[in-house]
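Heads up: the sequence lines are chains A and B, in that order.
Residue numbers 1 to 574, in the working numbering, belong to the letters of the first sequence in order.
Residue numbers 1 to 309, in the working numbering, belong to the letters of the second sequence in order.
Hints may contain errors.
[Unchecked claim] Simulated pairs of lysine to aspartate or glutamate, EDC-like, Cα-Cα distance not exceeding 16 Å:
# : chain 1 : residue 1 : chain 2 : residue 2
1 : B       : Lys197    : B       : Asp212
2 : A       : Lys399    : A       : Asp385
3 : B       : Lys72     : A       : Glu533
4 : A       : Lys399    : A       : Glu442
5 : A       : Lys222    : A       : Glu253
6 : B       : Lys72     : A       : Asp436
7 : B       : Lys72     : A       : Glu435
8 : B       : Lys44     : B       : Asp73
9 : A       : Lys346    : A       : Glu533
[Claimed, not checked] According to the in silico footprint, chain A covers these stretches of chain B (three or more CB under 8 Å from chain A):
#  : region
10 : 128 to 138
11 : 200 to 206
Keep in mind the hints are simulated off the structure, nothing from the lab.
The structure displayed is predicted, hence computed values, not measured ones.
By construction, the Cβ of each residue, glycine as well, lies at the ideal position given by its N, Cα and C atoms.
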Amino acid sequence: MKKWRLLVAVLAVFALVAAACASDDDDGATPATTAAPAADDMDDGDDHDEDDGHDEDDGHDEDDGDGDDMAAAHGPCNDGANVGGTLIIGSTQVPRHLNGTVQSGYATAVPGTQLNASPLLYDDEYNPMPYLAESWEVADDGLSVTLHLVQDAVFHDGMPITSADVAFSILTAQAHHPFKPMFAPVTGVDTPDEHTAVINLSQPHPAILLAMSPGLLPVIPKHIFDDGQELPTHPRNTEDFVGSGPFRLVEYEAGTIIRMERFDDFFIEGAPCLDEIVMQIIPDATNIVLGLENGEIDLSVTLGPSANVLRLMENENVTVSSDGHEAIGQIQWLEMNVDDPALSDKRVRQAIAYAIDRDFMIDALDQGLTIPATSGIVTASPFHDSTVNPYDRDVDQAKALLAEAGYGDGDLSLTIDYIPPTQVIYAEYVVQALEDVGINVELSVSPDFPTWAGRIAGRDYQMTINNVWNWGDPVIGVHRSYLSDNIDQGIWTNNTGYSNAEVDRILAEAGQELDAGRRAALYAEFQQIVSDEVPIYYLTTPQFWQAYNPHVQDPPTRTIWGMMSPMHEVWLDR
Amino acid sequence: MSDAAGLGDVAAADMGVTPGLGAGGGPGAARPGRETFRLFVRNKAAVVGVLMLAGVVFMTVAGPSLYDQDPKDIVARPLIGPGELTEARLGTDYLGRDVLAGVINGGATSLTVAAMAAAMVLVIGIGIGAVAGYYGGWADGALMRFTEFFQVLPALLFAMVVVALFEPSMWTISFAIGVVAWPGIARITRAEFLRLKNLEFVRAARAVGATDWRIIRKVVFPNALPPLIVSATLIMGTAILFEAGLAFLGLGDPNTTSWGLMIGLNRGNFLTAWWSVTFPGLAIFFTVLSFSLIGDGLQDAYNPKLRGR
C-alpha cells in the first residue's frame with residue numbers, strides 16, 4: 001500500500017518533468033504513420049493518365065487521356081489524379097448528433113457538412129455560390145426565393161434529391177433549429193416540379209440566402225425522416241445516416257470517432273477527392289497538438305489555447321491558419337444582468353467597461369492571437385460600425401462614473417460567471433481589472449457547462465463572460481441578444497434583460513431591408529445605441545485556428561464558413 | 001491498510017481501570033510513548049518526512065509574510081519562464097501571476113482541505129466503526145453494509161458528483177473528500193474494537209459498572225488508536241491528492257489559490273510553460289510524500305514486533 005502511494009507520487013512527478021522536456025523537441029516530428037491507403041502514387045502533375053485504378057472505387061474515368069495540363073482547365077480533383085487517401089481530422093468538439101437541421105453548432109456542422117449538401121455555398125466575400133441549387137432568384141418584392149436544383153443528385157441510399165426534400169429540410173429547420181430567425185418569415189415552400197423549390201416569405205428577408213449555407217441548412221431525406229418521429233431525437237440522426245453530401249457515414253461512435261467514406265455518386269462529377277475522412281474526437285487539445293506534430297493527425301479543426309497555436313506556428317511541418325471563418329463572427333464578451341440593482345445603472349456598466357483593458361487581454365492572455373471586438377457585429381462583417389466608442393481603458397473615467405452613481409472605493413461587490421473550464425482566465429482578469437477601480441468581484445463557479453447555461457438562461461447572475469457567434473447575418477446571430485421579445489428564451493438569447501423599444505424597431509426594420517447600404521445604416525444606428533448603454537461589453541474576436549500538415553491541399557479556407565464547409569475539394573499530396 | 005493494525009499499547013492513562021493491563025504490553029511498556037518516539041526517530045525516512053512536512057508547514061504559515069506577494073495579482077506578462085524576472089522568480093502563469101507566490105499560498109488551501117477532510121473521515125469512520133465493532137449483531141451488519149456501499153463507489157467519481165451538486169468551494173471539496181474516504185477508517189476501527197472488546201481489561205471495566213459510552217471512549221478507543229493515527233496520516237496525503245485531482249478536473253474553487261488548481265488551470269500551457277505546473281506539482285509531491293513517510297514511520301514505531309531491535 002505504501003509503496004503504491006510512493007510509486008504514484010513519483011510517477012506523477014516524472015510525467016510532469018517528461019512533459020516539460022517534450023516542449024523542446026518540436027522538430028522531431030516524424031512523417032505520417034497513420035494509414036494512407038492507395039495514396040502512394042499521388043505524384044500530381046503531368047503523368048496522371050496511367051495512375052488509373054490506383055484505388056478500387058473510382059467510378060469516374062471520363063477524364064483519361066487528356067493531354068492538356070493547364071491547371072485551370074481541369075475538373076474536380078485534377079481530373080481524378082488527386083483522388084484517394086484518408087484524411088485524419090482531430091477535433092475536441094463532441095457532436096450531439098449529425099443532423100444540422102435541428103442542431104446548431106460547430107461540433108455538428110463540421111461532420112454534418114461532409115455528410116449533407118446544402119442549397120448554397122459561400123465564397124470568402126459573402127457571395128452565394130451554386131451547390132445543390134445550380135441557380136436561384138430572389139423576387140423583386142423580396143417575398144419569394146426560387147431555387148433550381150441540380151438534375152441528378154442522389155442521397156447516399158440512391159434516392160433522388162428533389163425539391164420536396166429541400167422543402168422538408170427548410171420546414172424542419174424552421175420548426176426545430178435553435179436559430180429561429182433563419183426561416184421565421186417562411187410561410188411555405190412550393191414545389192412546382194422535382195427540381196424547383198419556391199420559398200414564400202411573409203416579409204422581405206435578406207438573411208435567407210445565407211441561411212441556406214452548408215452548416216445551417218443541410219438537405220436531409222424526407223423519405224427517411226418524415227416518419228412521424230420527433231426530429232431532434234430521431235434515431236437516424238446518428239444511425240444509418242443517409243445524407244446528400246460528398247461523404248457517407250460508415251462509423252459513428254459518440255464522442256470518439258466519425259468515419260466517412262467517399263460517396264461515389266456525389267452530384268459534383270469527379271468529387272470528392274478523398275477516399276475517406278476519419279474524424280477523431282480528442283477532448284484534450286494538447287493531444288491534438290502532439291498528433292499534428294508527429295503526423296498522426298492531418299488536420300485539426302479546433303486549436304487552442306493560444307500557447308498551442310504559437311507552438312504549432314513555429315513548426316514548419318504544420319500550417320496554421322485562421323482564414324475563411326469570417327462569418328462565424330465569434331465574440332468574447334462580458335454581459336451584465338441589467339435587472340440587477342447595481343447593474344441597472346448605465347453609469348456602473350460604463351465604468352466596468354472603462355475598467356477593463358481589452359488590449360491587455362489580447363496581448364497577454366491571448367498572446368496577440370485575437371482581435372478587438374468593439375461592437376456586437378464583428379469587424380469582418382459588412383455591417384460593422386467602426387465609429388462606436390471602444391471603451392478603451394480609462395481608470396479615472398471609470399472611478400468618476402462610479403462616484404457619480406454613488407459608489408465609493410470598495411462599495412460595490414459583484415460576482416462574475418464564466419463558461420467552465422476554459423474561460424476562467426478571462427473572468428480572473430476581470431476580477432483584477434475591476435479591483436483597480438474599487439469594485440470587488442468574486443468568481444461564481446459552475447462545475448460544468450449545463451450548470452452555467454442554466455444560471456445564465458435563468459438570469460441567476462450579475463456578470464458573465466460569454467462567447468456568442470454572429471453566424472454570418474445579424475438576423476441570425478446578433479438580433480437574438482438584444483430583442484426585448486427574446487429575453488430569457490434559453491442560453492444565447494437576450495440573457496441581459498436589455499430592453500429598448502428603439503433598438504427593437506431598428507432591428508425589425510434592418511432585418512427586412514433588401515438594400516445593403518440602407519441596411520448597414522440601420523445597423524450602425526443600432527450599434528451606437530447599444531454601445532452607449534453597454535448591456536454587453538465586447539472584449540475580443542477569437543480567431544478560428546486550424547492546423548494541417550503540408551500534404552493537405554485545398555482545405556476549405558476560401559469561404560466564410562471555414563471547416564463548416566464540404567471538403568470535397570480537399571486532396572492529399574503525399 | 002489492515003496490516004497497519006499492529007497491537008496497540010499506547011499509554012492507557014486516564015483510564016478508570018488499571019493502566020498496566022494494556023493489551024499485549026511488550027517489552028519496555030513502562031514508558032511506551034518514549035519507546036515509540038525512540039523507534040520513530042531511528043527511522044531515517046520518517047525523520048526526512050517530518051522535516052519535509054515541517055518545511056511545507058513553515059512555508060505555508062510563515063511564507064506569505066516573508067514573501068509578500070498576493071498570488072492573485074498580475075505582476076508581469078504571462079508565461080515568462082523562471083529566472084527571467086525579479087518579481088516572479090519561478091516565472092508567471094497564464095495570467096501573469098507569480099508562480100512562486102502561488103506555490104507559497106496554495107499550501108494553505110491544500111492543507112486546510114486535507115485537514116478538514118481527514119477530520120471528517122475520522123469522525124465518520126471512527127463513529128461508525130466503533131459502534132459496529134463494539135455492539136456487533138444487527139448494528140454491525142447494518143453499518144457494515146452501509147460502509148460497503150460507500151466502499152464500492154469509485155471514490156474520485158463520487159467526489160466529483162458531490163462537488164458538482166454544490167458549488168465548488170473549500171467546504172464542499174472537503175466534504176466531498178470526507179464522504180468518500182471514510183470506509184477504510186471505519187473498517188480498521190471496527191476490527192480493533194472487535195479484537196479489544198473481549199479482553200480482560202475491558203471486561204474489568206464492564207464489571208466495575210462503566211457505561212458503554214465510557215468504555216468505548218476511555219478503555220477501548222485509546223487502545224485502538226495507533227493504527228488509526230497511521231491511517232489518518234496517510235489520509236492527509238490522500239486528501240491532498242484528491243483536492244488536486246478535483247481541481248485538476250476543473251472542480252476547484254478559483255477564488256482561492258491551491259496547488260491542484262494551479263495545475264488544472266495551467267494545464268493548457270503545459271507544453272510551453274512547464275514551470276506553471278511543475279512547481280505546484282512538486283509541492284504536492286513533497287507534501288504527499290512526507291505524509292507517506294511519516295505514516296510508515298509511525299506504523300513501524302507502533303509495531304511491537306520491531307521493538308528492542
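For each hint, the structure was consulted:
1. B:Lys197 / B:Asp212: Satisfied, since the Cα-Cα distance of roughly 11 Å is no more than 16 Å.
2. A:Lys399 / A:Asp385: Judged against 16 Å, a Cα distance of about 28 Å means the pair is violated.
3. B:Lys72 / A:Glu533: Answer violated: Lys72 (chain B) to Glu533 (chain A) is near 31 Å, above 16 Å.
4. A:Lys399 / A:Glu442: violated (19 Å)
5. A:Lys222 / A:Glu253: violated (25 Å)
6. B:Lys72 / A:Asp436: holds (13 Å)
7. B:Lys72 / A:Glu435: holds (11 Å)
8. B:Lys44 / B:Asp73: This hinted pair is violated, its Cα atoms lying about 40 Å apart.
9. A:Lys346 / A:Glu533: Answer holds: Lys346 (chain A) to Glu533 (chain A) is near 6 Å, not above 16 Å.
10. 128 to 138: Per the Cβ count (0), the hint is violated.
11. 200 to 206: Not satisfied, violated; 0 residues make the cut.
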